[in-house]
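*Asks:* Quick note, the sequences are listed as chains Z, H, X, W and F, same order. Numbering-wise, the numbering used here puts 231 at position 243 of the first sequence, and it's gapless, one number per residue. Numbering-wise, the numbering used here puts 582 at position 223 of the second sequence, and it's gapless, one number per residue. Numbering-wise, the numbering used here puts 737 at position 227 of the third sequence, and it's gapless, one number per residue. Numbering-wise, the numbering used here puts 120 at position 116 of the fourth sequence, and it's gapless, one number per residue. Numbering-wise, the numbering used here puts 119 at position 117 of the fifth sequence, and it's gapless, one number per residue.
Check before you lean on any hint, since a few could be wrong.
[What the hints assert, rightly or not] Derived contacts from chain Z toward chain H, CB cut-off under 10 Å, selection only:
1. Leu36
2. Phe76
3. Asn109
4. Val137
5. Ala228
6. Val231
7. Ala268
8. Ile273
What the hints contain is simulated information worked out from the structure, not anything from laboratory work. Computed from a prediction, not measured in an experiment: that's the story for all the values here. Built from N, CA and C at the ideal position, the CB exists for glycine as well.
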Amino acid sequence: MSIVRVTKEVVFLYKIILQLLVSGIAMGFVYGLVGIEYTLIWNSTGLLNFSHERIIMLGAYIFAGSFVLQTGLSVLPAIVATIIAIIFFAVFVAYTIFIPLRNMSALCAIMSTVMLGNIINESVRLYYGPEAITVKGFLTGMIRIGTLVVARAYVVIIFVALIILALLLLFMMKTKTGKAMRCVAQNKNASSLMGIDVQKNMMITIAISFSICSIIGLLVIPLYSVKQSMASMISLKGFAAGVIGGFGSLPGAIVGGLFIGIIENIAGMIFPSTFKDVVAFVCLILMLLLRPSGILGKKRIS
Amino acid sequence: MFSRKHTRKIYAVLIIAALAFPLISNNTYYITMLCLAFIYMIVAFGLNFITGMTGQVNLGTAGIFCIGAYTSALLTTKTFISPWLALLVVILFGFVIGIALGYPSLRLKGVYLSLTTIAFGEIVRQLVNNMTDFTGGAHGVRAIPPYCLFGFELNTKLRLYYFLLAVTIMFGLIAYRIIYSKWGRVFTAIRDNIDAVDTCGISSSKVKIIAFTLAAVFAAIAGGLYAHYSGYINPSTFTLNLSVSFVVMVMVGGSGTVLGSVLGAVLVSILPEMLRFLGNYYQIVFYILVFICTILIPNGIVNVFLERQKTKALPEKN
Amino acid sequence: ASEETIKIGLLATLTGYPLNGEHMAKGAQMAVDEINEAGGILGKKVELDIQDVGNTTDVGINSCNLLISNKVVSIVGPHYSSTCLAIENLINAAKIPMLVGGTSPKIAKIDNDYLFRIRASDTMQAVAAAKYLVEGLDAKNVAILYGSDDFGTGGMEIASEHFSSVGVDWVAHPFNNEDTDVTTQILKCITSGCDSVMIWATEAAYPIVARQLYELGLIVPTITNPSLAVDSCLAQLEQEWVEDWYCVTDFLTSNSEEKVQNFIKAYEAKYGTEESVDLHCAAYYSGVKLVADAIERAGSTDTDAIRNALMETKDFEGIIGTMNPNENGEFIHEIILAQCNDLKVSYIKTIGE
Amino acid sequence: MKNILRVESLTKRFGGLVAVNDLSFEMEARSIHSLIGPNGSGKTTTINMINGTFPPTGGRIYFGETDITGMQTHKISTLGIARTFQNIKLFSTMTVEENLKVGGHSRLAPHGVVSYLLNPVEARKEENKLQVASEEIIAMLRLEDIAKSVVASLPYGKLKIVELARALMSRPQLLLLDEPAAGLNPSERAEFIDVLLKVFESGIDLFLIEHNMDVVMNISDKITVINFGSKIAEGDSASIQNDPEVIKAYLGEKYIMI
Amino acid sequence: MLKVNNISTYYGKVQALHNVSFEIKDEEIVSIIGANGAGKSTLMRSIMGLVQPKEGEIVFKDEEITNLKTNKIVERGIVYVPEGREVFPALSVEDNLEMGAFSKKYSQRILSNKIEEMYDIFPRLKERKKQLAGTLSGGEQQMLAIARGLMSSPELIMFDEPSLGLAPVIVDDMFEVIVSINRQQHIPIVLVEQNAFEALRISSRCYVLENGEVRMHGLSDELMKSPEVKSAYLGG
Ligand SMILES: Nc1ncnc2c1ncn2[C@@H]1O[C@H](COP(=O)(O)OP(=O)(O)OP(=O)(O)O)[C@@H](O)[C@H]1O
Ligand SMILES: Nc1ncnc2c1ncn2[C@@H]1O[C@H](COP(=O)(O)OP(=O)(O)OP(=O)(O)O)[C@@H](O)[C@H]1O
Ligand SMILES: [Mg+2]
Ligand SMILES: [Mg+2]
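Same shape as in the complex, but just chain Z:
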């Protein structure tokens, strides 16, 4: 009798842990995708884009607010239109901010991107209003595998993350533009002496990074709906994912994301659940102190 109960409990616990792992992995890919985007911009401009959370949000708003609700486009054309709109925006931002200021100090870069984010945020509030927007039926639903459940959106996210990762790796390693990006990040003067169009290169980087942001924005709509704070936590954790995985390494970002996703879910089970985020950030700090190069990162040279 009691043995039966014990085994039942064990099975129950096992299922719970499995479910936690699966959810952790799913969230991990969200973080990882965000981390990829950070890494990309970091690799190619040596700057960190702190407005990124707001770009994710902006993408979601443009998609849901402008194209789906106002213009009434169906989902697929709306996605394309959103990415195009965001690319235009990226070009604008690149030529007005990043390119003229390409020699600015890290401090200045951080502050100006933070402020850019704030401006985007307020503009969105003024234009779309403060209320959350939803796109009914977009990527909703779930998938059951035995007793495990995963939201359909997560599956799409994992899929898209892997595709983006693969494409970016190919792009960075194999194409000339991709290689030029790495040079521009290291030494803009020398890059231009190699015949690299530094400005165009930066613009492309920013456009790619912004489009990835908007894709992230679209993907998380079914999870958090379109509101101004939708990306605040994932962007912070995405940051952490990038660092834990090894800053500068694209696959590292995914690994870091998975690490955080799983650790925080398991920690949430052991500690009071609200300490989940604390655990994630403590991991970040420990990682930075013990192995600043991250899980996959190479040692940096000074």
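We have chain Z; now place chains H, X, W and F with the ligands onto it with these hints.
*Replies:* Below, chains H, X, W and F with the ligands without anything else, positioned relative to chain Z:
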């Protein structure tokens, strides 16, 4: 254009203006706003050592400020000790945090350090928010008693104003003496080339920790003052946004100068209020102004006028 | 100029999260417009001075001081208890009555003669919800999921106290407002073997919590705080996530009472039909009307007179309930119980104190 | 004669690469000692280890009688070893004078922050000392005209001298110079030699890495030549110039003594 | 080939070049000498568009290039090997070389041939080909910078103090390489050098810069004999 000598005159004018202000207008609105600006100034003075001078971006100042505020608030409301005694504990905490935060700064540079400080701020906020039994959680702490000075309770805005003004001047003086001293030079040297600092026989680790500790002590003390100024604190104040505001104060005002921190703190705490007439648009206008400042004058407003910066190398093309 | 108009202040969260200030402002503005159309009060026009409180104490303190220095005769709002707590001593010193929408039980405990509350307190709401779970839905083992902010924590404390007092088992699991995943919390509830769920959190949390409760299969009788009944919140949910959920609320568009329906019509006529009418519109509309009524009865704009008149209010018909102040300055003593079906929240009954 | 510097079987590996291999040499007090060798032979690596930039993989380093192997850079510096860098490391937003003052910080102004704040008189004294010392060195190296310029705007050649000046501010016993004359033309080099000799006469021993043979051969008391991290020759300039191995590996057939 | 007409360049308010004119014809080696801070590098940077001259014009193969962006100028066929190496520190030696040919659309095969060519000139680089450029020794970096400049088979090369930090034996080799590039591939070369003696020896003409102005110019052999040049730049 003015040189360092002129800044003395400017300080004198500013102090006289601040002393006289309540005589001209004793509108609580303005007085309170200035009180807050004074508190922010102290934080900015401290942060200037790290962000303005050693060039490390600290985005966790709100966390230190928060610890200062909660330490003082909890000690005075739970154990009923005098706010002054609590202040001693706050200073002690400032030291400890400064060293604890300074330590990672030895191994991490640039964005890595910024990230750590963000994480630190976030950890503090979440802990304060979620350790409900101890900190009162999201409800915050209320009825924090005011400071007492020579038997006077600093319970009116005017008394508080003069008290905070005096404290701010004191910290401004300390900051001024540090900036224009060998320490100021070494802090800047750390930003410019850290390897060379060590070969000059100076332990760069020690200097960094000194900078962080100074900043932490300043921020913690300001936090303590803040708790008693506002009488009520809750975790929602101490967000990343606040940390960003502190950096904005240092940057927009003028990094590496006391006058810059003064100007920055006044701008950041008062400008949005002055823009309220813009209604719905006041925040965005404020952000746009700050944004323009950061990109057009990255060294801050004051440095545009300081003679020294003229000889500075211009960034080259590409 | 202040001689010719009567200024009423409104403190609303117009910037920063979470946002609801726009609805507050619209509701209050509508009340002011109606009053002015009807000839104003005491022969003077009423002017609404709207200030943003952001979501930090600092901005709250500044805006409150600004209103005081603008010589408003009373203040309506703010909506969040933490902001109320931060500025309550200011209005006490300035002797200006303030009608807040913060529902935290802490507010009632404050000894402040100028502080009034125009919404049902959390104590009432949470106790009503908890009671209904136990008595109406026969809960034996409740799981409380609550936001870790002051609102959620307050509700959880009250409800859990009630559960303990009637001998019902309970567990409570908090989440942060920024949380993007509450699987752990829900799994913890499931492991506790709960037979019903109570959710106490701000609107922002619902899309995630409701979705994951459904996905993870914790489909049991569920009751929530008023957020669920807010249209903008419902709009973010799918039908199957919240089917048959209960909630307590102070305002319901489907409430068939005439004053409510008239209010909704007027509001939609003024601001268009896409605007969703919610409790923020209704509560602060009522607040302004209440102040106007008090000024009229006081016959002067002296703030002490207004305060006294407010205390003497009897059966003032607010949109979210009949308003009668108790000794703590609380005006609302009734709450609606409602149920969500097919993403529509329908009225079940009104529960008194 | 006493040794001021003694290096015993010094080895440094970077991964699989052996940059310095079992290198031993001694430097006498009151001498100018040069270390030369082909590019990438481990010269910079050697002085990096002497000054504590990174620890050696093996071997020991003695400064006088003190074992300084693996000590931290700033400690080594306070013991009396200063250095300049091959890729100039100056405080670029500061003026030349300020750079020098930082250089003198540890020797002339050793007080901590708290005592600095509490004792303004002492603080003023320290600052004066720094001022006097920096003026002295500026005069000695003839940097008066650029003393107040911000370093970032100076041409390469000047920067080398500023760096030397900063190193002198700590009044070291031993100065490690990594290609100090690179970027100077022959006439400037001739002047520079005078400066170096003046420095030497003021009581500072020089350990010199340099590819300009006019500098090396004219002032060195002893020259150590390394290749692939190991010593291939040692002696005075005459013997080095005629050493066939050195000619083959480093000087080249065309080298003629000037 | 390249003609610089009366350019003046400023850093902020400080004028670094005063009305400098300069010319290089097909197939010649021109050297530029001058004291520290004379403005030699500034002249090079002005030509490359790294700093914009305020006045004057720069003409390359009869087309004005004065206000073109650096990368466009490189595409026209001018390569500048800057002072201070400026290698890409986080790229390997081989990747650095590859980037040298960025402006050219080489096939993979030609690219590897080119790289092999460079390894022949500087065997040291071959030994270090997988090493990150930032960890190379100073001289190795200098070799890499020179080799990287040669990668794109330019129409004009400008070297800024290429001998800086190189061992004597390598310096000899390097000057030989420069001469042979000029002789065999008929590429004109601008050589900024502190090693004035060598520079004058291999160049046909020479410019002497002083305080941002052209002080003298003429045939190298003649300048070499000038007492002024001798005392100021040749060390006696
Ligand atoms: N970035 C800069 N900002 C301000 N002034 C500069 C800058 N770069 C160079 N200068 C000034 O321009 C003048 C010319 O410098 P340049 O580097 O062209 O000299 P150079 O002849 O190449 O000297 P060197 O032989 O030392 O390399 C110098 O007086 C220098 O101070
Ligand atoms: N961090 C490192 N990682 C790998 N290899 C390194 C590192 N630092 C130096 N090396 C290698 O060690 C060897 C010695 O370098 P070092 O800088 O000591 O040479 P050097 O004698 O100073 O040469 P130069 O005269 O060119 O300056 C070089 O081949 C270099 O590539
Ligand atoms: Mg070297
Ligand atoms: Mg030069």
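*Asks:* All hints are to be evaluated individually against the structure, with a verdict given for each.
*Replies:* Verification of the supplied hints:
Below 10 Å, beta-carbon pairs count as interface contacts, and Z/Leu36 has one with chain H at about 5 Å; its hint therefore holds. With a cut of 10 Å, the hint placing Z/Phe76 at the interface with chain H is violated, because the nearest CB-to-CB distance is about 20 Å. For Z/Asn109, the interface hint holds, since its Cβ comes within 10 Å of a Cβ in chain H; the closest pair sits about 8 Å apart. The beta carbon of Z/Val137 comes no nearer than 28 Å to any beta carbon in chain H, farther than 10 Å, and the hint placing it at the interface is violated.
Interface hint status for Z/Ala228: upheld, as the beta-carbon distance to the closest one in chain H is roughly 7 Å, under 10 Å. The criterion of a C-beta within 10 Å of any C-beta in chain H is met by Z/Val231, whose closest approach is roughly 6 Å, and the hint holds. Satisfaction of the interface hint for Z/Ala268 is found here, the shortest Cβ-Cβ separation to chain H being roughly 9 Å, below the 10 Å cut-off. The beta carbon of Z/Ile273 comes within 5 Å of a beta carbon in chain H, closer than 10 Å, and the hint placing it at the interface holds.
In summary, the structure is inconsistent with hints 2 and 4 from the numbered list given earlier, while agreeing with the others.
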